[in-house]
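Number of protein chains: 4
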Amino acid sequence: MAQIKNIGVFTSGGDAPGMNAAIRAVVRTALYYDLQVTGIRRGYEGMIKGEMIPMDRKSVSNIIQRGGTILKTARSDEFRTPEGRQKAYNQLKANGVDALVGIGGDGTFTGARIFSQEFDIPIVGLPGTIDNDLQGTDFTIGYDTAINTVIDAVDKIRDTAESHDRLFIVEVMGRDSGLIALRTGIASGAEAILIPETKTNESALFERLERGRKDKSSKIVIVAEAEEAGGAFEIARQVKEKYPNYDTRVSILGHIQRGGRPSCMDRVLASRVGVAAVEALLNGQRGELIGVVNNEIAYTPFEHAIKHYVEINPNLLKIVEILSL
Amino acid sequence: MAQIKNIGVFTSGGDAPGMNAAIRAVVRTALYYDLQVTGIRRGYEGMIKGEMIPMDRKSVSNIIQRGGTILKTARSDEFRTPEGRQKAYNQLKANGVDALVGIGGDGTFTGARIFSQEFDIPIVGLPGTIDNDLQGTDFTIGYDTAINTVIDAVDKIRDTAESHDRLFIVEVMGRDSGLIALRTGIASGAEAILIPETKTNESALFERLERGRKDKSSKIVIVAEAEEAGGAFEIARQVKEKYPNYDTRVSILGHIQRGGRPSCMDRVLASRVGVAAVEALLNGQRGELIGVVNNEIAYTPFEHAIKHYVEINPNLLKIVEILSL
Amino acid sequence: MAQIKNIGVFTSGGDAPGMNAAIRAVVRTALYYDLQVTGIRRGYEGMIKGEMIPMDRKSVSNIIQRGGTILKTARSDEFRTPEGRQKAYNQLKANGVDALVGIGGDGTFTGARIFSQEFDIPIVGLPGTIDNDLQGTDFTIGYDTAINTVIDAVDKIRDTAESHDRLFIVEVMGRDSGLIALRTGIASGAEAILIPETKTNESALFERLERGRKDKSSKIVIVAEAEEAGGAFEIARQVKEKYPNYDTRVSILGHIQRGGRPSCMDRVLASRVGVAAVEALLNGQRGELIGVVNNEIAYTPFEHAIKHYVEINPNLLKIVEILSL
Amino acid sequence: MAQIKNIGVFTSGGDAPGMNAAIRAVVRTALYYDLQVTGIRRGYEGMIKGEMIPMDRKSVSNIIQRGGTILKTARSDEFRTPEGRQKAYNQLKANGVDALVGIGGDGTFTGARIFSQEFDIPIVGLPGTIDNDLQGTDFTIGYDTAINTVIDAVDKIRDTAESHDRLFIVEVMGRDSGLIALRTGIASGAEAILIPETKTNESALFERLERGRKDKSSKIVIVAEAEEAGGAFEIARQVKEKYPNYDTRVSILGHIQRGGRPSCMDRVLASRVGVAAVEALLNGQRGELIGVVNNEIAYTPFEHAIKHYVEINPNLLKIVEILSL
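Protein chains in written order, with our numbering: chain G, 28 to 352; chain E, 28 to 352; chain H, 28 to 352; chain S, 28 to 352.
There could be a bad hint or two in this list.
Copies of the same chain are indistinguishable here, so a pair counts whether it falls within one copy or spans any two.
[To be verified] DSSO-like mimics (lysine-lysine), calculated; alpha carbons at most 27 Å apart, straight line:
#1 Lys114 / Lys269
#2 Lys345 / Lys85
#3 Lys85 / Lys114
#4 Lys32 / Lys76
#5 Lys345 / Lys120
#6 Lys114 / Lys345
#7 Lys76 / Lys334
It should be emphasised that the hints constitute simulated quantities derived from the structure, not laboratory data.
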């Protein structure tokens, strides 16, 4: 294997707070080890189009606290084709990039896995997604910030819910995973949490409301956005039908969950895995997600990391039941 | 006129951050002047039902920083009837309440005006609504907090909009008034603001998008929720139809705009008018909204205050056009 | 007078949140009127050194929400000398700058006034300081953000004060002016406010503590940093000596008060006066501070604006006394 | 062992955000298992004085989001004496309390350990301290909130540091432990971190400043408050002496680090260990700290938990060196 001289870094998929902290860590660590760094804009799409710029210490100055990604991100249909990936490889070669650090979620690593099998270019990945739905890391970059954003919003909603004795159905992100709903439900003192991983939530919710019908104090229900169940509006429709005496409202938190200054833990996580990613590449590793498990750096082959089924800790679900008493 | 001995205080209509600061100011000022204070829960509804509690210094301790209203709020159909108002009056007499301070919006003062004409009970009002749509005060309690909540959310949305080169249509509160949209549009650097007061906004928006079609950087459009125009989803539908190459998303900020710790200015406003309300009652005034105009306390008869048409300053609209260049 | 073609913009003195929003407004408005814009870095110091860069629409993209000033700021001893000012003028001519917008406080406008008398260059000023101590504007850019930062901090301090039944002496900025202390004192529910404008505060504080000695609930005292009184530590020393049974602590809020994302009102103010500044220059005005008084743009000659004695509204002081009951 | 019927809960030592979430979890879980709950105010001091109140579901309603502790906290000299502890035990018996959950730090558990050896009363502890300096749990309740408060403040300070090209020495809490300094140093992009655990930091800092003397961009140094080194002021004194051309400032963050709404993770942690504490008592466990290690509930005897030397991960220190490049 040839010696690595120029590391390309890119963000891909949905943006997540802390991606900039990760970019900064990759760039500074590469410079620390006397490597060159190339910023690739807009993920695989920009890789195909050759949107690449050399990065230095200053390029990542004063970005650790910023939401979003200075390299921008995009989804790329073309990269799903062999021709697209060939173009991307040609652009990397033309720009002298001989190793890659990709920051994103399972789509990013699915692409990275195929790409690294087809072409001789070492790739490692950093877990950058608010959904926390990757194997190989306890937490993904952006998750901690997103759940803080959610409880900040729900605290505000509870102010008005309390003032009006209302029931709020609050929809949070998490198409395939209830992890955002689970922790924010506990932390916001929700009456109930509806997540895609369990099917029995709804009847439990109705039981709760049945018992509590006379009690007019505020209630918060957290729902993961999962489309099959119809999301918050469908739940609200059912609640209104069954329990018309509740003053029921819906709030869809939406895209605010992706933005904002990253939390301390997200910055630390991003910095740790960013440093470790460059060191792993220099160490000859490739095809791995760099995460943190039990507070230590962990390396997981892409094929395992992207099985994004993440088990819901049943103890946490039980906590909601006990505490929403 | 008999001397006032016991002031009743209540919140009514939609809750607004700073209502608690206003309650605190009314209670403490009444105590300062050796009056008794009665807290009336859930607005006119609680007044009719006799939900009244004596309040002391401690009742309002450590609430100045809390969103919502500790007295709760509600809308009351019964108070719209003469029988309802008679019941309310009887309850006030039974509880020894001989003057009222009502905190709310135009619905609150419409009710207060009729009530004070029918019964011999002095009432003054404090402007508590996030909509800022009252005459007789430069700002209403809650408006400043709400617009800060909005720009906090839009700053987060811009992070993700920038990262993906997206166009976001963000819907803010303001059914009859574009005042929240106007200032938050300026402050968030929006490309365009759509408000109910002007009819030409939409074509201006389309013109902007027409000119800017090739430019793929992020764009934010702020829309007041006004139902007739269909809100953000309808605007987004039109934009997608006309300009399919924009990656257009919708965000409805919703009820988070009502909650949260009140801003410094909202707390100061609430404290000032709360003190002035009690002093006005002691001074023999009644039937007036207590506001702040040009940084001085102002007194406006309810019938003028509730004409809630508030003119949009055309200079502010012009600013959006210039700065969104 | 020659037609203006190239406006130079700079920030000077202590930085304030919203300065970036003001820079953005000046740049975009100048471009809107087909002028060129030159950014001058580090205030008068950079003007003397010729640190000037052309600015376009992109230069001020995505900065409206950022604290600090992208143009940086500095204090300049050399500009106080005729030779320094001559150098500055030569640099402006060499860079084609034929008009100036300076954003800062009284030091900035004192310099601007002399400079505009010595050289034929139109200058207008924008009020950028957290201290709110300028004539000619109701509020300065940064003040609203700073007072929100203060109450955010004091709300946190009150959490721990309540938990421990402590008395906290909190020092806020304001060397010559108690305006930050005054509004934040009201908004944080302080027992007392000590400001340089009044001499009798301290004895009033001691009287309060004397009366309240037996009462062990939390207490907050807000002190303006004014050096002559010795600041918070000196007050705490006296309190501890006289009332050793209070568990008294000091907190100096310090430089956090200068930073942070500007509030909505600060961004709106900065945008309004930024637009008006360019329009005033085009209109032939010079030597004026552009402010907002009673919600309308106001123009005040520098010599009046810099008399920074700002009267403390006695009604606001009275409010503290009533509400801290 | 007699069956437990009435659990007493108290907070002790320095307050920490999330203590209220822990109290809520203990109370609700006890009720869930049909136990009675007694709230003991002001820690061991209140236990001695008999400040005990029965708690129900409503007592802990709407407190999960509040900083501080509704039960208040205090340090108690009297509890260090056998007589004091005897009084405390008598009060517990008189109030029917037959088991205890104490929320606090090492002082709390040192007391609890002795108390449980002298008297037949089962006690378990919850880790409530911002310092994160306990064995037996990965994180303490309050630590995550505190480090977010710190980086929020440092982000603000960096705004002004950048604007003025200044060097800021920022002092954070942590008398015996550099854990707050360590993570916030990484997350705020500090040039250097000075912590009590390592002695070589200062010379490393001076080396950095030596190399970087010509570079005038902003610099942040994070210092743990440890008294022996003299804290931030002493460091600043040395820096000013050696490198007078830096514009060096000091900021002591102080007590704001203890307050504020708890973060999502702190609320989840507090809820988890609160539930587990009651279940542990019912399970016959006693004399243990209930923590979370590697995302699972962990039980650690008090004598091990209070050895509060917590090793600093050398990899994290290395990260600062690499990234502050």
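Right, here's what the structure says about each hint:
1. Lys114 / Lys269: neither (57 Å within a copy, 32 Å between copies)
2. Lys345 / Lys85: between (48 Å within a copy, 21 Å between copies)
3. Lys85 / Lys114: Answer is neither: 30 Å inside a copy and 31 Å across each miss the 27 Å cutoff.
4. Lys32 / Lys76: within (22 Å within a copy, 39 Å between copies)
5. Lys345 / Lys120: So Lys345 and Lys120 fail the 27 Å test inside a copy (53 Å) and across (32 Å) alike.
6. Lys114 / Lys345: neither (51 Å within a copy, 38 Å between copies)
7. Lys76 / Lys334: neither (29 Å within a copy, 57 Å between copies)
In this structure, the hints that do not hold are numbers 1, 3, 5, 6 and 7, in rising order.
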